[in-house]
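K.L.:
We have chain A already, so just place chain B on it with the hints.
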Amino acid sequence: MPVNLKDLAQQVVDLAGNSGADDVWATVTNSRDVEFEFRDGALEKVKDTTARGLNIQVFANGRYSTHQTTDLNVDRLAGFVSEAVAITRALEPDEFRKITPEELFSNRPTDDLDLVDASVAELGREQRMAWCRELDAVATDHERVISATAGVYDGTSRSASASSNGFVGSSEATYCWYGSNITLKDKDDRRASDGFYAGGSHVETLPPADVVARTALDRALSRLDSEKGPTLKTTMVVDSRSAASLIGRLLRPANARRVQQGQSYWAPLIGEKAFSDKLTIVDDPLIQRGLNSRLYDGEGISAKVIPIVEEGVISNIYVDTYYGRKANMTPTTGSSSNRRIGTGEMSLEELLGAVGEGVFVTSWLGGNADNTTGDFSLGLRGHMIENGKIGRPVGEMNVTGNLRDLFSRLEMVGNDVYPYSSTLSPSLVFADVDFSGT
Amino acid sequence: MMTIKRRDFLGSVAAGSAILTMPGFLSGCGVQTATAIAGTAPENPFMEWFGVDQATVARVMSELTARGADVADVYFQHSRSNSLTLEDGIVSRANSGIQQGVGLRVVIGEQTGYAFTEDLTLPSMLAAARTASAIASGSKVVAPQSFNPSSSGDLYTTTVPWADVGIDQKLPILKMVEAKAKARDPAIEKVAVYWSDGDERVMIATLDGRLVMDQRPMTRVTVVVTAKKGDETQTGYSNIAAREEFSWYTEERLSKMVDEAVDRTMIQFEAIRPAAGEMQVILASGASGILLHEAIGHGMEADFNRKGTSIYSDMMGKKVAEPFVTVVDQADIPRERGALNYDDEGNKAGRTVMVENGILKSYLHDEISARQYDMKPTGSGRRESYRFAPMPRMTCTFMENGPHTKDEIIAAVDNGIICETYTNGQVQIGAGDFTFYVKNGWLVEKGKITAPIKDVNIIGNGPESLKRITMVANDARLDTGGWTCGKNGQRVPVSQGIPTVLVSKMTVGGENAS
Numbered sequence: 001m002p003v004n005l006k007d008l009a010q011q012v013v014d015l016a017g018n019s020g021a022d023d024v025w026a027t028v029t030n031s032r033d034v035e036f037e038f039r040d041g042a043l044e045k046v047k048d049t050t051a052r053g054l055n056i057q058v059f060a061n062g063r064y065s066t067h068q069t070t071d072l073n074v075d076r077l078a079g080f081v082s083e084a085v086a087i088t089r090a091l092e093p094d095e096f097r098k099i100t101p102e103e104l105f106s107n108r109p110t111d112d113l114d115l116v117d118a119s120v121a122e123l124g125r126e127q128r129m130a131w132c133r134e135l136d137a138v139a140t141d142h143e144r145v146i147s148a149t150a151g152v153y154d155g156t157s158r159s160a161s162a163s164s165n166g167f168v169g170s171s172e173a174t175y176c177w178y179g180s181n182i183t184l185k186d187k188d189d190r191r192a193s194d195g196f197y198a199g200g201s202h203v204e205t206l207p208p209a210d211v212v213a214r215t216a217l218d219r220a221l222s223r224l225d226s227e228k229g230p231t232l233k234t235t236m237v238v239d240s241r242s243a244a245s246l247i248g249r250l251l252r253p254a255n256a257r258r259v260q261q262g263q264s265y266w267a268p269l270i271g272e273k274a275f276s277d278k279l280t281i282v283d284d285p286l287i288q289r290g291l292n293s294r295l296y297d298g299e300g301i302s303a304k305v306i307p308i309v310e311e312g313v314i315s316n317i318y319v320d321t322y323y324g325r326k327a328n329m330t331p332t333t334g335s336s337s338n339r340r341i342g343t344g345e346m347s348l349e350e351l352l353g354a355v356g357e358g359v360f361v362t363s364w365l366g367g368n369a370d371n372t373t374g375d376f377s378l379g380l381r382g383h384m385i386e387n388g389k390i391g392r393p394v395g396e397m398n399v400t401g402n403l404r405d406l407f408s409r410l411e412m413v414g415n416d417v418y419p420y421s422s423t424l425s426p427s428l429v430f431a432d433v434d435f436s437g438t
Numbered sequence: 001m002m003t004i005k006r007r008d009f010l011g012s013v014a015a016g017s018a019i020l021t022m023p024g025f026l027s028g029c030g031v032q033t034a035t036a037i038a039g040t041a042p043e044n045p046f047m048e049w050f051g052v053d054q055a056t057v058a059r060v061m062s063e064l065t066a067r068g069a070d071v072a073d074v075y076f077q078h079s080r081s082n083s084l085t086l087e088d089g090i091v092s093r094a095n096s097g098i099q100q101g102v103g104l105r106v107v108i109g110e111q112t113g114y115a116f117t118e119d120l121t122l123p124s125m126l127a128a129a130r131t132a133s134a135i136a137s138g139s140k141v142v143a144p145q146s147f148n149p150s151s152s153g154d155l156y157t158t159t160v161p162w163a164d165v166g167i168d169q170k171l172p173i174l175k176m177v178e179a180k181a182k183a184r185d186p187a188i189e190k191v192a193v194y195w196s197d198g199d200e201r202v203m204i205a206t207l208d209g210r211l212v213m214d215q216r217p218m219t220r221v222t223v224v225v226t227a228k229k230g231d232e233t234q235t236g237y238s239n240i241a242a243r244e245e246f247s248w249y250t251e252e253r254l255s256k257m258v259d260e261a262v263d264r265t266m267i268q269f270e271a272i273r274p275a276a277g278e279m280q281v282i283l284a285s286g287a288s289g290i291l292l293h294e295a296i297g298h299g300m301e302a303d304f305n306r307k308g309t310s311i312y313s314d315m316m317g318k319k320v321a322e323p324f325v326t327v328v329d330q331a332d333i334p335r336e337r338g339a340l341n342y343d344d345e346g347n348k349a350g351r352t353v354m355v356e357n358g359i360l361k362s363y364l365h366d367e368i369s370a371r372q373y374d375m376k377p378t379g380s381g382r383r384e385s386y387r388f389a390p391m392p393r394m395t396c397t398f399m400e401n402g403p404h405t406k407d408e409i410i411a412a413v414d415n416g417i418i419c420e421t422y423t424n425g426q427v428q429i430g431a432g433d434f435t436f437y438v439k440n441g442w443l444v445e446k447g448k449i450t451a452p453i454k455d456v457n458i459i460g461n462g463p464e465s466l467k468r469i470t471m472v473a474n475d476a477r478l479d480t481g482g483w484t485c486g487k488n489g490q491r492v493p494v495s496q497g498i499p500t501v502l503v504s505k506m507t508v509g510g511e512n513a514s
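Sequence order for the protein chains is A and B.
For the first sequence, our numbering begins at 1 and goes up steadily by one.
For the second sequence, our numbering begins at 1 and goes up steadily by one.
You may find that some hints are simply not true.
Listed next, the in silico DSSO-like pairs over lysine-lysine satisfying Cα-Cα at most 27 Å (straight line) [what the hints assert, rightly or not]:
1) K228(A) with K318(B)
2) K318(B) with K187(A)
3) K319(B) with K361(B)
4) K98(A) with K175(B)
5) K376(B) with K45(A)
6) K273(A) with K229(B)
7) K348(B) with K45(A)
8) K228(A) with K389(A)
9) K376(B) with K318(B)
Calculated directly from the structure, the hints in this document are not laboratory data.
Note that the coordinates shown come from a computational prediction; the quantities given were computed from them, not determined experimentally.
Extracted from the complex, chain A is given alone in its bound form:
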């Protein structure tokens, strides 16, 4: 088997051509992943794996299909590819389905995204165990601790793609994350629990393990004596970590597939002022060391910065080549990279002070949103905001409304961007939100 992923991808492209495919796009992946989990003073789990995969998109006679396998044995690849072409031929033709045109991938940026830290591959058992012990020592340093699990996760992923119309590309990235999940004795049979992890592509950028574990412990301690909050309409402050997932929900229908399928409340709002002018969202694949940085997307489209929402106005949505053709929209990219959310001047403390009274959300629990209408209802945990400060812990509450309406009432944004997510959001403040509790 060729050790070079690019060569293997090219070999698969050649095989598909011989099997009668008109066009083919092949991607080969390889990853090494190591997990250490350490609980209550002892190593609990070590997982050390190398995974691989081949993914092909086949275009034949105006028809299209995709195929994956973990079996990269060269003797069997020809069979896999010819079977894939045969499946493709059994489908119905689709005039909108074509391989990514060359002009979308020919002008690829050449930025050095700095996604590889050579020291990750050098990590050994001793370093991982040292982090585990450090995390464990801090995380268990409280009389209420029932159990604490420290985790260290690191690895390297590699990918290479080749296409029948001349695309060749490869990428490599490392990661290293660590943190703790902590469970504390609470009233009656209840346990208070929470966790915190930090990570990134480079080991040197990680905060010290004891600081990470301390954050996890503080988060868990803040859940003690939590009670069900009240039913009321009030201001909602969403912390930066929880804001990232709320923005993710907002953006779920922001793509050409949903729009073309009639399942997006964004569709009639493109080009319009849809949200509060405090809301700005930019998709930025070119952030150095960014968690989702890339030079090309899953279809090979060259990476570029794409404004999605500018001061409340929807300027772009995610458009891939297929649904772009179907919906008559110019392709942007079919999948999100990093998302930068516009920030304000105030710290979280200043936001809470300005708000005075309300609910401060620190995590979500379940819930969902309807992409077609924007109606949503989410479970939450957090604190009451009392006299401009974080007050008593509350949980077992829902927040309910419509996402477009909610983001029209985005009143303030903080300056406190949460760094451990590909959605880089500050804390967000919304007016007049419906909460249900007691």
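P.N.:
Chain B alone, transformed into the frame defined by chain A:
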């Protein structure tokens, strides 16, 4: 395209939390022929499939346990899956997938070493075995030189494997589903149909000399309907799933699914949001088993209890509900999505009564927790694939019939809602707080159904909600939908069911809070 692995765990749920979802519509799938590997003498069809023999497996087991082991297993798996998509009137997208590999696990006490390889050659398997064994530092245990095949299960045997069903046979079914949906109402603008099928072979060799083989079919069809009236658009869906074969898709079964999807979509044009706050909640029979999955099922998985992190950790033998409440996890229900002949540690999967007549009776155990509690495993050790170590999971979770009727329950509600269909749920194991998202339901006022409702999240506390189950009807049924449970980054298929139930108080997400 394949997602990049390094970020996978960021999307997974943190420990202590678990989620249940209806399908993402593009799960992977395959139609490849067997990948028999030459060079060894086949001893049974599974050995032949994976290209190994008893001696090879014994050699790998010996290497795996060279530094000691209480439990060890070698988990061979080959799965292939196929999916088809109908959108805008044509079936123009297919996907096939093959996943093949072997997972190697060593357990000492509560410590686990895990590795896998996708290259089923002896040198690769031995290297992975050495990696997994590094967790241990003791002396070699006596590994079996041969393995005794366990009897094969019969919960989901098929006459025609999915590999032998061509696209030409499936395509007319997708077309028929679309045509039936479009014919139901002129307001329907779009219909999408998502098909998936798959076959999975697993072969598990254990340190105590068992060789367990299981062949697991799975299929699911989902129909998504989008309708427009004036400026308003609504989307709804329905799906059916089972460990079944092609002949299961009768016109009657598909028509019922289409009717559900269309009804759920059209009713949303009239549906309202209830007022925010606490109220009586009726859970309709079937899919409302989501309550059991979240409110008690996860909290009864013994990994959380051996660590002391579940709210149920100290409740064994105590009264947790009224005497007419009995909650069961049962894997041996033929052809159910959650059914299993054997779990993924090679133990016979069966019936575990978690709550019997209101008393907490048994956790769901894997090998690790069973050893710690000095009990027999309950056959609850499951894994997503060879890429993961097993842990305690649910299979088919349901509540037995009770003494009341559905009509009595509705009549007993002064101000509340009926929950009928769901998209997802989640639980916090330690605090016991859980949620489920109600897509469709009804408002109930003074004992009468008065209006349809939609899109509300319900949140409650597990033990408190169990205590508040004040009525249980006699109409228990399992849901036919394709549920998938996610825990610590591993997804497994599950089933759930329940009779009509009244919970006297839960917090309903609603509008117009004052």
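K.L.:
Each of the hints needs a verdict: does it hold here or not?
P.N.:
We went through each hint and held it up to the structure:
Distance restraint check for K228(A) and K318(B): the Cα-Cα separation of roughly 25 Å lies within the 27 Å cut-off, and the hinted pair is therefore satisfied. For a cut-off of 27 Å, the pair hint linking K318(B) to K187(A) stands: about 18 Å separates their Cα positions. Simply put, K319(B) and K361(B) have alpha-carbon atoms about 10 Å apart, close enough for the 27 Å limit, and the pair holds. With a C-alpha separation of about 23 Å, the suggested pair K98(A) and K175(B) falls inside the 27 Å cut-off, and the hint holds.
About 23 Å separates the Cα atoms of K376(B) and K45(A), which keeps this hinted pair within 27 Å; it holds. For the hint linking K273(A) to K229(B), the alpha-carbon distance of about 24 Å falls within 27 Å, and the restraint holds. For the suggested pair K348(B) and K45(A), the alpha carbons sit about 25 Å apart, so the restraint of at most 27 Å is met. A distance of roughly 19 Å separates the Cα atoms of K228(A) and K389(A); the hinted pair therefore holds under the 27 Å criterion.
In summary, the hint linking K376(B) to K318(B) is supported, as the alpha carbons are separated by about 21 Å, within the 27 Å threshold.
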